[in-house]
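Trainee: Here is how the chains run, residue by residue.
2 protein chains.
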Amino acid sequence: MAKEKKLVEAITSMEEDFAQWYTDVVKKAELIDYSSVKGCMVIKPAGYAIWENIQAELDRRFKETGVQNVYMPMFIPESLLEKEKDHVEGFAPEVAWVTQGGLAPLQEKLCVRPTSETLFCDFYAKDVQSYRDLPKLYNQWCSVVRWEKETRPFLRSREFLWQEGHTAHATAKEAEERTEQMLHLYADFCEEVLAMPVIRGRKTDKEKFAGAEATYTIEALMHDGKALQSGTSHNFGDGFAKAFGIQYTDKENKLQYVHQTSWGMTTRLIGAIIMVHGDDSGLVLPPAIAPTQLAIIPIMQKKEGVLEKAEEVRAKLAKTVRVKVDDTDKSPGWKFSEQEMRGIPLRLEMGPRDIEANQGILVRRDTGEKITVSLDEVEEKVATLLAVMQKEMLERARAHREEHTYDAHNYEEFLDIVNNKAGFIRGMWCGEQACEDKIKEETGATSRCMPFAQETIADTCVCCGKPAKKLVYWGRAY
Amino acid sequence: MAKEKKLVEAITSMEEDFAQWYTDVVKKAELIDYSSVKGCMVIKPAGYAIWENIQAELDRRFKETGVQNVYMPMFIPESLLEKEKDHVEGFAPEVAWVTQGGLAPLQEKLCVRPTSETLFCDFYAKDVQSYRDLPKLYNQWCSVVRWEKETRPFLRSREFLWQEGHTAHATAKEAEERTEQMLHLYADFCEEVLAMPVIRGRKTDKEKFAGAEATYTIEALMHDGKALQSGTSHNFGDGFAKAFGIQYTDKENKLQYVHQTSWGMTTRLIGAIIMVHGDDSGLVLPPAIAPTQLAIIPIMQKKEGVLEKAEEVRAKLAKTVRVKVDDTDKSPGWKFSEQEMRGIPLRLEMGPRDIEANQGILVRRDTGEKITVSLDEVEEKVATLLAVMQKEMLERARAHREEHTYDAHNYEEFLDIVNNKAGFIRGMWCGEQACEDKIKEETGATSRCMPFAQETIADTCVCCGKPAKKLVYWGRAY
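Protein chains in written order, with the working numbering: chain G, 1192 to 1669; chain Z, 1192 to 1669.
Keep in mind the hints are simulated off the structure, nothing from the lab.
None of the hints are false.
Given that identical chains are not distinguished, each listed pair holds provided it fits within a single copy or across any two copies.
As a list, the in silico DSS-like pairs of lysine-lysine whose alpha-carbon atoms are at most 30 angstroms apart:
#1 1317 x 1515
#2 1340 x 1317
#3 1445 x 1521
#4 1317 x 1229
#5 1254 x 1521
Hey, can you work out the whole structure from these sequences and the hints?
Mentor: Set out below in structure tokens:
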């Protein structure tokens, strides 16, 4: 078996070179491939199937809160992009411009959407008239383009897939509630479905979205101790409404501006799954999101009855789990390695002797634990194991994060931690951008968020020593 | 009631001005809105929900045949687009070009995909090595851009949503089988789900896809007698494989070119649904695709118990149908008109007297028929009626098509029909493009397809009188 395992090309170990390990897993688990279009990727079936599961579950949760899906054009005329000052400043440097349509140059150039606030605002300005038209709770699933210089599969690419929700409300209070509601929806999704614990909090003004009054974020810690912003939710107040003239008549027949939010999650989540759960054998998928939850791998499959029994067990299990039989003509050892590389949560090994004893061997992808199971009880056992794995993967990720979260009470401690350890650093902050700038310049760490769960771990700013206002999570980030 | 009906703005009648009727329905049923981006539309929740149902059902059918979803970049470098000669000639005049990324001009301009054959080929050239890698059965759901001069909602817009399947096979036979399989899948979907009968056939060389060896098509007849190409499936043979160098080693270790297909359906189907089933009260949705299948409209809803009963019935029905209660503060007459405009297949009227008698009144959107139903039997009755409507809508559309299909045995008859009637014209064809060109120039009619079900209705070409080779469906088309 040891020899056959080599049949599947080895991947770089995480300890040796985490970045290379990541690239190896992404390629060897067949999630993506590079394309002839620089900075853009091909999402292959194994990668796209994960995205489909993310979409289905997020979409269901959105709709439960009253959200409806729509589709806006992918192009934004330059004049529209420029209507909100902060927004255009944030995005103009990184958009792709269409300047020619058919054989003729365009009169006005169009950017390929980097995000669609301006299009939704343009639409709402026409579509919203009365308080009866509110709230508007719209979302779209689409791709967006940001002309990044350095790209990495899933984490940063020139084109990526996402959803962007855009809502309009009668009052500031409703908009704030929706902003926070969607952040918690994202956080719950990450924890319940992706088994990925997140810190929920607010971005500092320096880190907030271009044009937003407030940006909320969920921040996850990757295996290498770097942070990954995993979803954001923005409250725009009435800033965009004023720039775009989105007004409604209230019950007293007075003209009012709407209050807006937007919120998004992207294919970057697939990168997060890899970097939170993966190991030196490849991907490890949480059962709730795994396209295949169980791979049945027959042993000596040419022996009479083996494949038939495997198919019988598959058919029985298919009622409750996503299951496949690997009946290709590869060796069992190769199949084990492939199943591990692809992160399929469970495998069931079944050979002639197992079948004679009416049993199989279940192997957990996350722990490697082997469990002999009677074929009469395989349904219950698989269901139980998948649930246990889902829970334990979250617990392990949370324990890893706690072990890699450090408190810094002054700048000396901060420097010591940032230079010698990898993880979140909790440190108090005076509220001045100068301190964020200094920390970023001197250490590469940025303020990830001001957590909703505030504590006072010191009275003074971790950077300048002046009176502290907020607890901040700091860290180097993707 | 008659007076209240006017509350919903009237739409132009179909007889008076079909094009205006179509535009009115699209707007008043709130399927789309125009955007600030010329030629692009905003698909609103009522329109997008139809697309989501189309997607879900098509995607399920694709996957049953082994198709997997992927995602390719939205940009195609100019050099890649140019690799297959016929293909680039077909598409280059109508693509949008990105020439600037961020603040700098691009070294090579990129077109926004009008279709993705070139990207799939570029990918397959790297990804396919051995016969073991075949077949590749990939599909993607995305938006594409074609820089049309004249646009109409759903039917022709500069950006539209679609799916594009791209497969690669070891043999020409397999590719041909897949091409036809997908065409029949499309046709069955149109008939079973959209209640829209289609003619299945092959395009002439003049009308086939740029770069294809053979294009198959399904053609539907709209209410105004014009044809709508509703889905196409292309067999590329090994033409693209040779242009892109897509080769595999077969079992005898010899290098072979793959054989490829592609097939697509678009948001244009929503336009087809409108023009096949709609009437002067608005949209009529086939039950199988309707986002809401039944609207419960309470009468005198402020009376005690009315809304409670409506909700009770809704909860009971929600187990088997997509149902909503319209409890807004509009009048029942207004609600009826709205439900009709939006094409919701059934409504259930329930007032205090009905409730006292434990009954409600079901009204069919397609026929206007009113059926008094006991609330004890409402589930069965609704299920039966929806099934009957689905069947009868297909039958009516088929009868309409048969009534508007005419045989022409010579050019005189052809001209008489095309000038005085609207519909399909069946006429024999010699196989020469000159006759297609002449017919198009003189009548505006084009060859829609050579149906699979061939007959001989004359011995000579309907245009030139020379010996005929094929029966062709001709017609003016969208």
